[in-house]
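Chemist: Listed below are the residues making up each chain.
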Amino acid sequence: MPAARRVAVVGAGPAGLSAAQAALAAGARVTVIDAAEEPGGQYHRTVPAAYAPRRPGHLQHGWRAFEHRRRRVLAHPRCTWLPQTSVWALERPRPGQEGPPRLHLLCSGPADGAGRPRRTLDVDALVLAVGAHDRVLPFPGWELPGVCTAGAAQALAKGERVAVGQRVVVAGSGPFLLPVAASLLDAGSQVREVLEANTAATTARGWGRRPWELAAQAGKAAELAAHAAALARHRVPYRTGRAVVEARGDGRVEEVVTARLRADWSVLEGTRRTVAVDAVCVSHGFSPQLELPLAAGCALGERAEPGSDTAGTRASGPSGSRGAPDAFVRVDERQRTSVPGVFAAGEITGIAGAAAARAEGAVAGWSAATGGSAPRDPGTRRALRALRRSRDQGRAFAGRLARAHPIGAAWPGWLRPQTVVCRCEETDYGSLCAAFATEAGAAPRVAKLNTRAGLGPCQGRICGPTVAELRRRLAGDAPDRPAEGLPAADPHRRPLAQPIRLGELAAPSAPLTGPGHRPEEESSS
Amino acid sequence: MSSRLVPTERDATGRGGRPLRITVDGVPADGIAGQTLAGLLLASGRSSWRQAPSGAPRGVFCGIGVCFDCLVTVNGEPDVRACRRRAVDGDEVTTGSRAVPRPTDGPESGTGEGQ
Ligand SMILES: Cc1cc2nc3c(=O)[nH]c(=O)nc-3n(C[C@H](O)[C@H](O)[C@H](O)COP(=O)(O)OP(=O)(O)OC[C@H]3O[C@@H](n4cnc5c(N)ncnc54)[C@H](O)[C@@H]3O)c2cc1C
Ligand code: FES
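Chains as they are written, first to last, in UniProt numbering: chain S, 1 to 525; chain Y, 1 to 115.
Everything labelled a hint here was simulated from the structure, so no lab data went into it. Computed from a predicted structure; not experimentally measured.
On the chain Y side, residues computed to face chain S include the following (Cβ under 8 angstroms):
| id | residue |
| --- | --- |
| 1 | A12 |
| 2 | G16 |
| 3 | G34 |
| 4 | S48 |
The C-beta atom is built at its ideal place from N, Cα and C for all residues, glycine as well.
Just chain Y, same shape as in the assembly (with noise of 0.2 angstroms):
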């Protein structure tokens, strides 16, 4: 675990902060409203969750939208930055792949983007 949120009681912006939910490949991850995607996986302990195409795990890079790093799947539309969109109670987010798929990997879970 070492990104975080700064918890509510430490923040001196004096936040309040709405819990939401999320699902990540299925798994439910919270948040809290007005966090973006990239923010809200970050902060529920993970450090990546895209593969180049070699496999190498990605995550976040620049944070404004610039490297398209960040890139997954919300509600089954695909390639969506994680730091640029907000996140939505109940948004189903699934992770991806730019990795060629070897015969024993199963379903394609890739974005497809950029081939």
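Next comes chain S alone, as it looks inside the complex (with noise of 0.2 angstroms):
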């Protein structure tokens, strides 16, 4: 019997359990990895035990199915569960070596914590599945204390019942506001309004259109529903084609001005509207965790339409108004990147949801544990052909989702000379706009050294996709002139995936350990 195969799973948030599940269920050896204390991911994110909660599955959807699925993994006998352990870097093979690259590990502290140990994993196949943030454009004052993400919002509910308002706005586009309102009433604040910036017309075009798919996502459906009603029960309004278009407050914000805006997101002048809030949540979209994929060599893309041969990635806005394909990782009908031995699944693959973020992951496993090759008993093939029709719904989904809630062309209309634009380094849009004019200031090396935009401490991952954003539009597509055989600047590449402290970094390195892992069988290839 050959030996089994050795598969890591980064990420064990709904794509990433469910990749272990299936990689378990196809014979192989796994190794869970999540910077967090429990699986779930942001979706099935729970209040820490330590609150010793009676109903911990309050405010979570498929609770029962995903306890479910939690204990079947962790307690699986070929399963290794590492949590709070961060990926800090993916180290590539050495040319003319075979197989994925060698995990670098920080093992089990607390985050950020000194002295935590550090650890090598190499294994035959790797699944990241490492999950997506919101994206935030910038708008006058959203720097102010009391502006935050809606994430950042749905993270402190959900996971530690802390509400982040008592009078709260939530804006921006996506379904996403929803559920973010759903949780601020359950914690018991005053949710003024929802704003979603895309006008009625563009939503219902994007949902409307080809509705069949739309059928195969009922859980979905259901769940928005329950939100929308929670929110009719407190009579919260719904507001679309209109958005937070500045915060104001002195040290922290006081209140926001709205306004209605056209499809492409521009103003509608005469119809700014004050209203007071001590804390707003806005999210646009998500941006997907690519350092680890890019660490790895793993192609980008546009996601295409489920069906076409180059199937992956996802379908970009209807008006072009992201400037640019979004950079999803490109992967094809076994969720394979480009990279051999190296699987991708969930929200790093497009913006779907957790539904399709599970199917995406039983796919990614399966393949990750057999190598790719088709199963061999009829059973196991009608299963992977579920999943797989699940997984391209779930891509349908996607691309509904993408058409339903673009991001409008017109939103550098909001912001000022001052406003700010990285936050870090507190570049404003004035800047940016001088150092994109001026020809050498184009090439996003030279502009980012100029403005610091990027340099600070987020390297960028806040302010990277807006300022490249408006890069193009104010510059073009000037070519990058690497400085000194430096590779070209690009916004998600990062040397770090985590951060990591020196005297972590000095410390010797050495192979994990564990039952799935014995270090005799890692140095033996």
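Now that you have both chains on their own, put them together as the hints suggest.
Modeler: Dropping the structure here:
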């Protein structure tokens, strides 16, 4: 009998947990790694065990199924679960060597703590399921305390029962605004209004076309309906074609200015209104966490429509307003990336929600465990076909989501010269315009050094896509001139996927040991 | 006072909650075990605890460890993301600034990251 394949799954959200389950079912030895203490990712974020909750499933959709999956995976004899462990780097094989990259881990320690042990892990296949974070477009005052992402409000409400404010506006674009508003109501906040920037016509066109695709996502529709009902019960207005275009306050947000928008997100003058708030939660979509895929060398691309032969990545918005293709990890029918032995699943391949992430994860886990070969027994073949079908439905849903909630091209109309674009370095819109206007400054690397945008602690995770888009608009596609033989600048390329301290870096690293990964097996490749 | 912890008797998760105490720049702040430092700081009525290079106040923005707005020093360890670190009873939290100190500002408390 051949030795079981060793599979590492990075991320234990809906995609990663389901990948682990499928890989275990296919006979692999699986190591599941997540920076968090508990599996679940963003979707199944729960209060910590220390809260001793009697009803941990409160606010959770699909909780029973998740609990079941979590127990099955973590208790499996071929599974090693590494909580509170960050993958801080991936090391590509040397030329001539085969296989996925080596994982560099910072093990079992409090977040950003000093002296976490460093370990390496070599596997036969790697599944990346690291998820996404909110994308927020800048607007005047967005750097004020009390302005946060919708995801932050959700994480605090669901994950530790903290309401970010008493009088809150939830704004931006996409169905995610609804669960966030519902969680805030549950936590006792007054939600003054929920603002969807796209007009009713845009969202109706996006959702209404090809309604049969929606039927396959009945669970999602029911979930959204439940949130909408919560809003109605609390008489929270849901307005389309309106956005927060400014936040104001002395040392923290005290009021927001909202305005009606046209379909392209230009402001209709004469429609500005001021709303008193102590918090505003904003999300204009999600950005995939691309550090690890890029470190592995995975190709990125736009997502194609399901059914086309280059399945993977996503459909861009109808207006082409995103400026350039959204970058997601490109995967094929079997969730293989362009790098042999590396698979990707969930929001890093396109934004489609938890159900789609689960389906993709299952396909990825199966492929990783079997090396992508087709199963022989008819039962497994049928099961795999069903999984792929549900994955394709998820992708169709993603396409529809992108069409119903595009980012309007005219959003920079909200900005003033003094508006902060890079939060870390406080680079303002005026300086960026000036830098991009000169030909030399138009090369990303030069502009970055001149304006410092993207050079702060977050390394451009927040402003990167925005700065890249502004540059394309203001400077055209001026080619980057690599400085001193460095590779061309990429807004997602970062040498360290997660922060590591110098002391930890200096300490020796050892291969990971444990039931699933005995060191003698690690070193024999 | 704006951000706060859902009161136990109103919390539909039916949580318990063991109290703990930390200090923030020497001032005691109470929370419960399991809270992140960011959650505890917010629930104790603070909206900001760090300064951007211009001196502008910052607190929580992304909530999940991406933006680095929420950095604090914990028991002498600088650059800890408050939204990711669970509070431990007795933690000594020091807030910081990336602002360039003026001569009158006294000792530099900046975290110095990214410089
Ligand atoms: C803050 C936030 C809250 C959200 N809440 C909801 C919600 O309530 N309802 C909803 O429908 N959708 C929500 N979403 C959307 C959410 O992205 C998807 O619904 C779903 O969780 C995506 O699943 P996933 O498996 O692709 O990724 P995720 O669920 O994001 O899981 C990725 C996991 O990878 C781990 N990870 C990432 N990088 C590393 C690394 N380098 N080392 C180790 N571990 C790593 C993370 O800790 C995380 O647990 C939220 C998104 C965000 C950003
Ligand atoms: S709030 Fe963004 S890193 Fe903590």
